[in-house]
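Protein chains in written order, with my numbering: chain A, 1 to 205; chain B, 1 to 350.
Simulated from the structure, these hints should not be mistaken for lab results.
Please note: incorrect hints may appear among the correct ones.
To be verified - The calculated lysine to aspartate or glutamate pairs, modelled on DMTMM-like cross-linking and capped at a C-alpha distance of 20 Å, are: (1) K182/A x D69/B; (2) K324/B x E170/A; (3) K146/B x D279/B.
To be verified - Short derived list, chain A residues pointing at chain B, Cβ under 10 Å: (4) M1; (5) I21; (6) N25; (7) L31; (8) A40; (9) A41; (10) L43; (11) M54; (12) G62; (13) A65; (14) V66; (15) M73; (16) I134; (17) Q178; (18) I180.
Claimed, not checked - If you want the footprint, here are the derived chain B segments under chain A, 3+ residues with CB under 8 Å: (19) 111 to 122; (20) 134 to 144.
The structure displayed is predicted, hence computed values, not measured ones.
All residues carry an ideal CB built from backbone N, CA and C; glycine is no exception.
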Amino acid sequence: MTVFAFYMFAAFVIASGAMTILSRNPVHSVLWLILAFFNAAGLMVLVGAEFLAMLLIVVYVGAVAVLFLFVVMMLNIDFAEMRAGFMKNAPLGLAVAVILLAELVLGIGAYRAGRLELGTPTGDAAPIAGASNIENIGALLYGKYVFLFEAAGIILLVAMIGAIVLTHRERRATRGHQNIAKQNARRPDEATVNVKPEYGQGVEL
Amino acid sequence: MTEFFQSLGMNYEWAWFVATISGILLIALPVMLAVALVIYMDRKVLGAVMMRRGPNVVGPFGILQSFADGLKVFLQETIIPSAANKGIFLLAPIITFTVALLAWAVIPFDAGVVLADINVGLLYVLAISSLGVYGITMAGWASNSKYPFFSAMRAAAQMISYEVSIGFILVCVVLYANSFNLTEIVEGQRGHGFGIVNGYYFNLLLFPMWVVFFISSLAETQRAPFDLTEAESELVAGYQTEYSSMSFALFWLGEYANILLMCSLNTLLFFGGWLPPIDWAPLYAVPGFIWFLLKTIFFFFMFSWIWATVPRYRYDQLMRLGWKVFLPMSLLFVALTSGWLMLTRYGGAA
Numbered sequence: 001m002t003v004f005a006f007y008m009f010a011a012f013v014i015a016s017g018a019m020t021i022l023s024r025n026p027v028h029s030v031l032w033l034i035l036a037f038f039n040a041a042g043l044m045v046l047v048g049a050e051f052l053a054m055l056l057i058v059v060y061v062g063a064v065a066v067l068f069l070f071v072v073m074m075l076n077i078d079f080a081e082m083r084a085g086f087m088k089n090a091p092l093g094l095a096v097a098v099i100l101l102a103e104l105v106l107g108i109g110a111y112r113a114g115r116l117e118l119g120t121p122t123g124d125a126a127p128i129a130g131a132s133n134i135e136n137i138g139a140l141l142y143g144k145y146v147f148l149f150e151a152a153g154i155i156l157l158v159a160m161i162g163a164i165v166l167t168h169r170e171r172r173a174t175r176g177h178q179n180i181a182k183q184n185a186r187r188p189d190e191a192t193v194n195v196k197p198e199y200g201q202g203v204e205l
Numbered sequence: 001m002t003e004f005f006q007s008l009g010m011n012y013e014w015a016w017f018v019a020t021i022s023g024i025l026l027i028a029l030p031v032m033l034a035v036a037l038v039i040y041m042d043r044k045v046l047g048a049v050m051m052r053r054g055p056n057v058v059g060p061f062g063i064l065q066s067f068a069d070g071l072k073v074f075l076q077e078t079i080i081p082s083a084a085n086k087g088i089f090l091l092a093p094i095i096t097f098t099v100a101l102l103a104w105a106v107i108p109f110d111a112g113v114v115l116a117d118i119n120v121g122l123l124y125v126l127a128i129s130s131l132g133v134y135g136i137t138m139a140g141w142a143s144n145s146k147y148p149f150f151s152a153m154r155a156a157a158q159m160i161s162y163e164v165s166i167g168f169i170l171v172c173v174v175l176y177a178n179s180f181n182l183t184e185i186v187e188g189q190r191g192h193g194f195g196i197v198n199g200y201y202f203n204l205l206l207f208p209m210w211v212v213f214f215i216s217s218l219a220e221t222q223r224a225p226f227d228l229t230e231a232e233s234e235l236v237a238g239y240q241t242e243y244s245s246m247s248f249a250l251f252w253l254g255e256y257a258n259i260l261l262m263c264s265l266n267t268l269l270f271f272g273g274w275l276p277p278i279d280w281a282p283l284y285a286v287p288g289f290i291w292f293l294l295k296t297i298f299f300f301f302m303f304s305w306i307w308a309t310v311p312r313y314r315y316d317q318l319m320r321l322g323w324k325v326f327l328p329m330s331l332l333f334v335a336l337t338s339g340w341l342m343l344t345r346y347g348g349a350a
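Make a model of the complete structure from these sequences and hints.
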């Protein structure tokens, strides 16, 4: 059963990865990419990393890819123009692909030849027996590696502030600013008047 | 259930397979039936609030109205706009419907009555509900028409915004329950309030979070007053505008299945799931399933009640509420909850 599930997920990851590159419509590409993420999460469940699998779906599929899809849908993409740059960039892409392939072959080859030993974590980093992998990750992240974790947090904060500073524009002149509290405090009796006109008289304001 | 099928003389693999399939059917079919009845209830409540009768023609008290509507929709012609992106246009309602059913796999209806009792249950629910946005976004884009597209953009922004604060609220609950498993979260609520009340709502730190969660679940399921994706005065019918027949029905069913899911999450996370409201022995004589159902129906009643009474929000107000009110508030409560637990449960030692 596990073997069947593995080959199913793996085949879907590869197929949707290929379709991401091959499909002509960019929106289709993003959707195939999402399918690839989803099946990769399935593979993670199979190796027992259910926490990472759920995070992959929540963060990448649920948030990042939605924004990605959002942007691609809103862009008015000219397909002919996109295809025009293909031959120019092809050597660069090919070079990246060759380098990645070489690295993979080297890594897996070294491992196969017994030159590379994958260590098992010991001491503080050793997995807690009988605990789920949420507890294990938590114990490592907030115990042993707490300073690295804080550092990562600060880097993200700086990146966030940077993004806000770069995109923030003061637009005071273009629009009258709303005062939400004032709007909420407004009551019907100060906004409307009830006039009782005589029949056939009409209203003068 | 696997043991039962094994006792019928199947080997383990077959028994597991048959047990899982029948488990899925045992959840999915009643959920669909519940959706039909809940649509009827929604219309009845709405009718009562507006001093109308509501559906009362088909069947006794009109209870078969939803089935009649289903049959009507089933017999209609499926129209695909010529400018639509055909594949995605047809895929979108299927995705909405499937995703709405997927999350039910981890919902415990009673002690031990759950299809998949996984230890990341709550994260799974969060993950699956974050997929719900794809059906709507794809429908809006594939329709190739402006109002559905506006609606799709609104839906994407709205659901992502409220998911953030929902995530923080869930963190508060998880901190108290010390587990992501929904069964353990419910068990953690036994006698939570002074040893008498079953439920996290009876807690000064979690009650405000429940209020925020309830409002966020309205926004997450695009119910009034946050139904901006189908605001008929601005967007015709939103992302469903171009849909007809069964593809429309699938959106409809998926939407209500999601609403029911959110109601049951309110029940499970804050109101003690299948436990009776008060930890008192005679109340345990009522099956837990009944308590679960009653609480879920109660929350659904609140959903319809709010639909009938609250006017629709403006889009900027919706965004302000999500990002400027709920997000800081839930963040503050994560800090408060963890600080309080650190002091009381873990002895204050850092």
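Hint check results:
no., hint, in the structure
1, K182/A x D69/B, "violated (45 Å)"
2, K324/B x E170/A, "holds (19 Å)"
3, K146/B x D279/B, "violated (54 Å)"
4, M1, "holds (7 Å)"
5, I21, "violated (18 Å)"
6, N25, "holds (8 Å)"
7, L31, "holds (7 Å)"
8, A40, "violated (13 Å)"
9, A41, "holds (8 Å)"
10, L43, "violated (15 Å)"
11, M54, "holds (4 Å)"
12, G62, "holds (3 Å)"
13, A65, "holds (9 Å)"
14, V66, "holds (5 Å)"
15, M73, "holds (5 Å)"
16, I134, "holds (6 Å)"
17, Q178, "holds (8 Å)"
18, I180, "holds (7 Å)"
19, 111 to 122, "holds (count 3)"
20, 134 to 144, "holds (count 4)"
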